[in-house]
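> Chain A is fixed; fit chain B onto it per the hints.
Chains A and B are the protein sequences, given in the same order. Each residue of the first sequence is one higher than the last, beginning at 1 in the working numbering. Each residue of the second sequence is one higher than the last, beginning at 1001 in the working numbering.
These aren't lab readings, by the way, just hints derived from the structure by calculation. Everything hinted at is true.
Below, a list of computed lysine to any residue pairs in the SDA-like style, where the Cα atoms sit at most 25 Å apart:
1. K485(A) <-> Y1090(B)
2. K1271(B) <-> L505(A)
3. K1178(B) <-> Q464(A)
4. K1178(B) <-> V534(A)
5. K506(A) <-> Q1194(B)
6. K550(A) <-> Q613(A)
Only some residues are given here: those of chain B computed to face chain A with a beta carbon under 10 Å:
7. D1017
8. Y1019
9. G1177
Backbone N, C-alpha and C fix where the C-beta goes; we use that ideal spot for every residue, glycine too.
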Amino acid sequence: MNSRRLILIFATALTLYAQADVTLQRAMRKETLEGDLKGAIALYEKAVTESKSDRTTAAKALIRMAECHQKLGDFESQKIYERVLREYGDQKEAVATARGKLGGTEMKSAGIVARQVWTGPKVFFGGTVSPDGRFLSYTDWDANELALHDFVTGTDRVVTKKDASQSPEDYPEESAISRDGKRIAAMWYSDSQGRYDLRLVDLSSSGPVTPRVLVNDEEVVWISPYDWSPDGAWIAVQVQRKDRTTQIGLVSAAGGPVRVLKSVDWRGASKLLFSPDGKYLAYDLPAGENTDQRDIFLLAADASKETVLSQHPADETVLAWTPDGKHLLFTSDRSGANGIWAMAVNNGKAQDAPVLIRPDIGNAHALGLSRSGTLYLAQGLGGPEIYVASVEFQTGKLLSDTEKPIRQFVGANSHPVFSPDGKYLAYESARDRSPSTSRPKSRVLVILSLETGRVRDLRPDLSQFDRLEWAPDSRSVAVRGEDNKGRHGIFRIDTQTGAVSPLVLKPGVWTPLWSPDGKKLYYQRLDKVTAAIVSLDIASGAEREILQAKFLAPRLSPDGRQFAMYAEGRKSLMVVPVEGGTPREIVDLAKIGSFTGVKLDWTADGQSVIAPQWSVSRGPEQELWRIPVSGGSPQRIELNPAPMVGGFSIHPDGRRIAYTSGRVKREVWVIESFLPLLQAKR
Amino acid sequence: MMLFLLAAIVTIPLGLDLYLPVPEDNPLTLEGIELGKRLFLDRRLSRDGSLSCAGCHDPTRAFSDGRPVAIGIHDRKGTRNAPALINRAYGRRFFWDGRAATLEAQVLQPITNPQELDLTLPEAEARVGLPSAQIARALASYVRSILSGDSPYDHYIEGDRDALSPEAVQGLQLFRGKANCIACHFTPTFTDEQLHNTGVAWRDGKLTDDGAGQGQFKTPTLREVTRTAPYMHDGSLATLEDVVKFYDAGGRASPSLDPEIRPLRLSPAEKQALVSFLGALSGRSPQSR
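Just chain A, same shape as in the assembly (with noise of 0.2 Å):
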């Protein structure tokens, strides 16, 4: 080899050196700076293989990879940390990271397999597992009725139907399969009574049956089924009543009022789980009033004697029990990651430290285990993300190329809303969904700055919000929401502070709107026999109602004098004057499509408003259109990227509109293997 060859191959080396280099420091930037993650992925996998011998850059690039998916939930993170244990033994740092991510008492995880077993539209995560571990109880929301999805032929199968007593609008919620496969408890929302009972469903039969109820009580607003006895005698249930105790209890598959065994904290259990003999229910508790951790405790079925199983400085949910009843499966992020985790049980009490079985679950959550030992986990990918546009409303067209004004927590955001002085866009930020419910565990209130960028997050003091709406001097907002001791109403939250007050603390409150002056807070009244807007004077505190009607999500119109809504069927478009009076139609809405009734605003000049209507039969993706409100033609809006699926927001400007697009992609998961390991650790 001659030296003009090795100083060639030399030179060649410091490029690729240097090219892997930089193409990593592309991709920090892509997933810190720019939050994207999936871009940022692919740009650390070409810095792996432009990296050649350089093996500290590549290790790290697969660590920053395995942080990306871990972010995005999915399961590909596990074996990129277990690549870089096998093949980057020498990278000190890095083994020592992936070795903290895939946590210190790690089970062997060779042989375990994770495959994808269920995803598409119809997939809904309110049921559990048969026995057998062929088929998954769920809601289709196509009949409003209880269905079973076959992992064996990929087939879905209605099994109930109404009566003539029910109506259409009566469905299933949450489901629990009996364990011999042969009945089916379900949470049942009734839209005569405006909550839920608990029916039972026989599967005998070979068509639809219609389900027999066995907890109807007017001072139990829902009642879920979580699981049974292995006897079939009982149901383990969990009721939320009307003054919002929340309450651990049984039921009888033979009817009769709930055992209470347990009340808790209004947040309650997010799984009941019976021991395989019958003795114990596992449940996951908040580990107090201002945590959104959870610890696990095993109760006595006979009510005799309640345990801690463990109380971690982390998110714990109790997840299944083994088949053979001497490990408790349950989440926790204790090694900084949701992982799995197993706890040898015996006479009821905790046995060991847990074990260490799945690092990183992401946002799964557990539908069940089978007989012979398959895990079943539920999976939410991706989400919805705020999009700005301009567009000339007069005639629909879109006037810019579309902007992400949100770089942080991408597929978590929604309902952007202007500010009245258009200085701001305040939006909603779900994170780090539940694994047991999908419910976010914090929900912030995120303050954009248009003018300078800069983010503010405010978690105010409540379990959930939404129907976001500025007070006039764009300081504070008022919310929809349910404060910490569960109870519903209308918040003002300041801006600045994130200080949370009571406007009104009443549930069936919806859609604040504030008047121009911010003397007044509009709010909609709504339940199952009544309706009406009424008018909240803020100095005084008192109220009025001021038109009484099945009217949907009206909007104050920029100058305050008028209210536009949608008549109750959403068929047609309504105008009515503030202080009451008679609705005046302005559009037959049935001509045009079918609206969504769930959202309206008003264009800047107050001459016209947008609707949104569905763009299908059924989901979420929505079309927006312009209805003038002195009369002329009906015209849809262009939107890029749409469809739409959340709120909007039109800018004070008349120009730039707000709104969300994307969806979550849920798929089903089985975890197979894992026992004989577990069995092995013995």
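Using the frame of chain A, we list chain B on its own:
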């Protein structure tokens, strides 16, 4: 399944949780409860032999004493109202200021308090011939067995819609709604076991009793409330009507007033309905062995 094993030892009345929290190192036994009951009524546990625990926690008054503040031996006047010992098995903190975390930690303190029974623990041990730890376990077991439920309210919740009068039903709705009582008086025990400043300890801008700090006191149960007058930590309100009036006015203005306390604007009929509902929270009698 072997349901409701505890029924053999204590009867859990309708409306209370079937799971009765009991510490692992002091299991509930018939013997323990009986010993605790004897000690509860034993006047030897006061310096001059004139008082027992029951002197301030009279079983015929739902284990309260009917006086504004507790009176100890030699008529020594305490500073706080003797709380009703109802459903304390479900409690999470004890005393008005919540300074004891367990019943076992609570029950000996009135014995050694100079304003109450005024004995040292060695003296108490010598008088009853038991180590103080056993006295504590027995007294705690007895107090755990004092349960109140099975009230008209509980029957109403269970489905007997005639168990409450129409006025009491209106009161229940106010309790859960406009009057906001439910913010602190959670069911089934009608207490959140939390500390709040309602302003009772503040007079003329000054703090008369710091409580757990800034005039905060633990939410008392409302079970048997018609039998436990007078009310509040200092017994300063003689009747339930007075209590409703106090909260209707938004408590008493003070720094750090609990945000849940605010003017209620109740009508006279609404106030009466609330009192009527509170009357439905008494069982046949507090249960104990």
